[in-house]
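Residue numbers (my numbering), protein chains in the order written: chain H, 1 to 499; chain S, 1 to 90.
Among these hints, one or two may not hold up.
[Claimed, not checked] Cβ-Cβ distance ranges computed for the label pairs, FRET-style:
#1 H/A253 with S/P63: 43 to 51 Å
#2 S/P17 with H/P23: 52 to 60 Å
#3 H/R46 with S/E14: 42 to 50 Å
#4 H/L56 with S/D26: 50 to 58 Å
#5 S/D50 with H/A57: 56 to 64 Å
#6 H/P122 with S/D50: 35 to 43 Å
#7 S/P17 with H/A271: 26 to 34 Å
#8 H/A120 with S/P63: 18 to 26 Å
[Said to hold, decoys possible] Partial selection, computed: residues in chain S whose CB lies under 7 Å from chain H:
#9 V35
#10 L39
#11 I76
[Unchecked claim] Which bits of chain H does chain S cover? Going by a derived footprint, with three or more residues having C-beta under 8 Å, they are:
#12 204 to 218
#13 453 to 466
Rather than coming from a laboratory, the hints here were simulated on the basis of the structure. Even for Gly, the Cβ is constructed at its ideal location relative to N, Cα and C.
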Amino acid sequence: MTTPAPPPLSLPDAFTAHARTRPDATALLWHDRAVTYRQLADLAEREQTRLHALDLAPGEPVGLPAAKSPEQIALVLACLIERRPFLLPSPQLAPALLAALFAQAGARHLLAPLGQDAPALPAPARPAPVPTLAAGTSFLLTTSGSTDLPKIVPLAQAAIDRFTAWAHDTFDLGPGRVVANYAPLNFDLCLLDVWATLAAGGTVLLIDPAHALNARHLLTQLTRHRPHVLQAVPLAYALLTQAAQAAQAAGGAAVLDSVEHAAFTGDAIDARTLAALPALLPRAALYNIYGCTETNDSFLHRLDRLDATAALPVPIGTPLPGVRTLLAAPDGTPVTGPGSGELYVSTPFQAAGYLDRSRDAGRFTTQPGGAGAGRRWFRTGDLAVRDEQGRLHLTGRADFQVKVRGVAVNTAEVERVLLAHPEVHEAAVAAAPDPLTGKRLHAAVRRAPGSALNSLTLREHLARNLPRAAVPERLAIHDTPLPKTATGKVDRKAVLPTA
Amino acid sequence: MSNIAQIKRFLIEEFLPDVAPEQLADDHDLLSDGVIDSLGVLKLIAWVEDHFALPVDDTDLDPNNFRSVAAIDAFITQRRAVPASAVAGG
């Protein structure tokens, strides 16, 4: 008689079990330092002691600006073990934005890892009413979008555990495996490469975000530590292929032959990078992963190695197990079979809604086009085509969203922030394709008569109000009216440099 | 000798074409408001290596070395006093 397999342990229980049964296995690699499961569990235990000493109400979240380090990961593990919800925003957000986010989540305590100073934040203008989190909430992630204030996405631990089980089944993240983590620690991508790996008992190779654009450093870390699994935005693959070609030209070795699974995600990959991947990753299966912070990963496309020369963009493929998808025509009716429409998804890993439920409108819905009653759907804003084989291909956006280095930015929001400056009378923002970063933003403004506004002061205004990726790379300041379209609106395309 | 004027000239030519040198404070945080992003830092490093004939190793790539005009100047001054080979492996 066989007994059915026990259900997988929850992430914190799985981690502590690894620390108990395989204490000397390496949990983290960080620069030249290796941290074992025992050392990481000891660090987490000290952080748990500190959490106990705080006057926290039941279910009250703590704020953890997500600067990547082994100590920061120990602090997150302490929260997970204590079943303490935590808000994990980018440490690069302007202090006023961070303070507003923590206030919105009702996080009174802002914690940095032991021995480090928490950033000093201004007091928020008015204390927000403290929201009640659903029981079982663990991670509170933030959307990367460039709204004035990022949206907070609460995720239930059960949804995370369903996701880490899928990730381990698909990529084998367990003992003896090394998984490279490229994304900053506040990114949802870390649910796979950091958190699913620690649940499965593997080793996470942490790439320092401060050096993440240094192609030589990135290639050195990957050749030294020989990961089996690599997930990153297309930008990382573009940097790696460039560094590998430079190393080869100098007579060095530049092949990542340890990698078995290489996934790119967050943006469309460019043709030149894709064509170079089979030589860089000779033993790897290549994947395109599609997901949003709100739903986690939804689609996976495994490329035939011959696809590397096939037509772009790479399809996003087919839904993950348990994921339901729907294409809605402009009139809201579902598109069945081949056709195009806006993509809705419903996943086993998703949030029930934003923390601020007033922002759910138009995004989380129960019945798009009258279909899928009883399920909660997320409207992605992505336009897609379903082909004869049932695979989906992204074709664009239903709004002004573009991707800059894998980060979603809404150009209309950037324009709103520019126009909020008292000396700006007109503003236009447009995105130009960039072979390395996906898109780069160009902005043009007309300043008020007599104003001495320059790009330095305008940048300071933008950086106070927007995430970094949303601050345009180019700012042009004019005293004359901006070009208009035939309908009298500011012509965004005229902002772009003429080739 | 201070290199402030040369550093400002480079930064303005590359990243701030509409700004006058006296408008760019020596301690202005160039990273926090995206005057130079991480790719800009790499461009800046290439210029420092080239213009001052100073090799910059991987260990020097701490972005804080390039956070402001004053920080870049301090980095160059310190690098000239202690050649890279003398601190390698240290």
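Consistency of the hints with the structure:
1. Look at H/A253 against S/P63: about 29 Å separates their beta carbons, and that is not inside 43 to 51 Å.
2. A hinted range of 52 to 60 Å for the beta carbons of S/P17 and H/P23 is consistent with their spacing of about 57 Å.
3. At about 46 Å, the CB distance of H/R46 to S/E14 agrees with the hint of 42 to 50 Å.
4. Range check, H/L56 to S/D26: Cβ separation about 43 Å, and the 50 to 58 Å hint is violated.
5. For the pair S/D50 and H/A57, the beta carbons lie near 57 Å from each other, so the given range of 56 to 64 Å is met.
6. Separation of H/P122 from S/D50 is about 41 Å and conforms to the stated range, judged on CB atoms against 35 to 43 Å.
7. As the Cβ distance of S/P17 to H/A271 is approximately 32 Å, the hint placing it in 26 to 34 Å holds.
8. At roughly 21 Å, the beta-carbon separation of H/A120 and S/P63 lies within the given 18 to 26 Å, and the hint holds.
9. With a least beta-carbon distance of about 6 Å to chain H, the hint placing S/V35 at the interface is held under the 7 Å criterion.
10. Annotation: S/L39 was flagged as interfacial toward chain H, and the flag holds, the nearest CB pair being 6 Å apart, inside 7 Å.
11. The closest approach between the C-beta of S/I76 and any C-beta of chain H is roughly 19 Å, which is over the 7 Å cut-off, so the hint fails.
12. Residues of the segment 204 to 218 of chain H with a Cβ under 8 Å from some Cβ of chain S number 7, which satisfies the need for three, so the listed coverage holds.
13. For a cut-off of 8 Å, the count of residues in the segment 453 to 466 of chain H with a CB near a CB of chain S stands at 7, and the three-residue condition holds.
Hints 1, 4 and 11, counting from the list given before, are not met by this structure.
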